[in-house]
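Enquirer: Order-wise, the sequence lines are chains A and B. Count the first sequence with our numbering and you get residues 1 to 271, in order. Count the second sequence with our numbering and you get residues 1 to 168, in order.
I should point out that these hints are in silico values taken from the structure, not numbers from a laboratory. Where hints are given, some of them may not hold.
[Said to hold, decoys possible] Using C-beta positions, here's what the derived DEER-type ranges look like:
no., chain 1, residue 1, chain 2, residue 2, range
1, A, 2, B, 164, 42 to 52 Å
2, A, 2, B, 30, 51 to 61 Å
3, A, 15, B, 91, 44 to 54 Å
4, B, 90, A, 229, 53 to 63 Å
5, A, 173, B, 84, 55 to 65 Å
6, B, 7, A, 237, 31 to 41 Å
7, A, 231, B, 139, 16 to 26 Å
8, A, 1, B, 51, 33 to 43 Å
9, A, 29, B, 25, 23 to 33 Å
10, A, 62, B, 138, 29 to 39 Å
11, A, 229, B, 51, 24 to 34 Å
12, B, 147, A, 223, 24 to 34 Å
13, B, 45, A, 2, 47 to 57 Å
[To be verified] Stretch-level coverage of chain B by chain A, calculated; a stretch enters the list once three of its residues show a Cβ under 8 Å from a Cβ in chain A:
no., region
14, 18-26
15, 33-45
16, 64-70
17, 75-82
By construction, the Cβ of each residue, glycine as well, lies at the ideal position given by its N, Cα and C atoms.
Here's the letter readout for the chains.
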Amino acid sequence: MQQIINFLIRNKSFLLFLLLFCLSLFFTFQSHSYHKSKFINSANFLTGGVYESFNNIGQYFNLKEENKKLLEENNRLKSLLFNEENTLEENFSMDSTLAQYSLTAAQVYKNSYSATNNYLTINKGKRDSIKEDYGVITSKGIVGIIDNTSNKYARVLSILNSNSRVNAQLKNTSHFGTLRWNGISPQIVQLVDIPKQAPIKIGDSIVTGGLSTIFPKDIPIGSVVSFKLDQTENYYNVEVSLFNDMTNIGHVYIIKNIDAQEIKSLNNIDE
Amino acid sequence: MNNIVTTNIVRFIVLVLVQALILNNINFLGYINPYIYILFIILFPIKNNRVLVIFLSFLLGLCVDLFLDSGGVNAAACVTIAYIRPLVLKFSFGMIYEHQSIKFSSTEFGQRITYFAIMTFIHHLILFSLEIFNTSKILLILNKTLFSGIFTILLCLLITVLFSKKHK
């Protein structure tokens, strides 16, 4: 017994090192799997608060650009509105309880794109009834999926994250695949598992597919830069250039799919 | 003694904030960021015991991880360099370290560069290996380690020169 205690005292720095190193490894591995990093994430009151106060100063520098983006989006929506006057009467309903998707605007406090697992922190959380698995988009295209929330803040798993998987399809046809990222360029993401039969061309638009309950159908993602067959020669691997500039994101919209619960419970019955 | 404690507390907070709010948004050439918060570990008083250094390094790394959403990679890297710090000190400063009479401001510039460089490169290598965690991207890991490391060393040296107290 004496010897054991002596051993512990003699090697206490090494043992402490080993313990703390294992603890950090545990946190690291936990962060590699989706939804598991409950403790170490930037959507808590301390880091969120610091980012918030810093952002209050920083946001003034981007006002011009944000205004321009807003104007462009308004422009696009207005032209849609004026050109579809006839169909508007039938489809457009002011009753928000009938809508399948509800949107919340939020501001990005922290954005990274140089790491292999990137996350954003936004200023809406549980008290704005934001939950996990809501989609996040900008006016130009998709940004990511919410994976952690605190009271005031939420963390977004960016599409520039090696754990990110988003259902996507070609705009002209309905051939769908999975969107992922190889961690190299923040402008280019990869679309895999597009079947060989798909008539794919360089410059084709890629949009979200309607298969997931997270994103609505037809949200723009990017355009095809290049494509080649994978090793099995049955599927295409497509390089997609994003419409969204992921390095410069100010305001985002959070999409809540009101029917998500219903769809999920239906799918669970099948299993 | 009290003075040293306050200095180190202030240094801890300032370095974490500077790292999280400013330096991680540099993204020079798309991916090069300096990680100067390790300056806290590098400059920590040598006379203090090893257990304290390791524990504070873990806290430091974890704070940075909280801000950067990186799981525990910074904590792991920090704990490692805190543990091997005595070895690196002995290697780079030699006999002076043995006598425990070392002051960073009075050491030779060349020795200081060696010390900083070894600490920085080991830290960055562990940091990026754990972050990328993919053996097929070993070139990317080495690439990031090299360039971010050079950036970190330059900044660390500049900061130590700028903020060093004059002993005359």
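Enquirer: Now tell me if each hint is right for this structure.
Expert: Structure-based check of each hint:
{"no.": "1", "hint": "A:2 with B:164: 42 to 52 Å", "in the structure": "48 Å, holds"}
{"no.": "2", "hint": "A:2 with B:30: 51 to 61 Å", "in the structure": "58 Å, holds"}
{"no.": "3", "hint": "A:15 with B:91: 44 to 54 Å", "in the structure": "24 Å, violated"}
{"no.": "4", "hint": "B:90 with A:229: 53 to 63 Å", "in the structure": "57 Å, holds"}
{"no.": "5", "hint": "A:173 with B:84: 55 to 65 Å", "in the structure": "57 Å, holds"}
{"no.": "6", "hint": "B:7 with A:237: 31 to 41 Å", "in the structure": "54 Å, violated"}
{"no.": "7", "hint": "A:231 with B:139: 16 to 26 Å", "in the structure": "22 Å, holds"}
{"no.": "8", "hint": "A:1 with B:51: 33 to 43 Å", "in the structure": "22 Å, violated"}
{"no.": "9", "hint": "A:29 with B:25: 23 to 33 Å", "in the structure": "27 Å, holds"}
{"no.": "10", "hint": "A:62 with B:138: 29 to 39 Å", "in the structure": "37 Å, holds"}
{"no.": "11", "hint": "A:229 with B:51: 24 to 34 Å", "in the structure": "57 Å, violated"}
{"no.": "12", "hint": "B:147 with A:223: 24 to 34 Å", "in the structure": "31 Å, holds"}
{"no.": "13", "hint": "B:45 with A:2: 47 to 57 Å", "in the structure": "33 Å, violated"}
{"no.": "14", "hint": "18-26", "in the structure": "holds (count 3)"}
{"no.": "15", "hint": "33-45", "in the structure": "violated (count 1)"}
{"no.": "16", "hint": "64-70", "in the structure": "holds (count 6)"}
{"no.": "17", "hint": "75-82", "in the structure": "holds (count 5)"}
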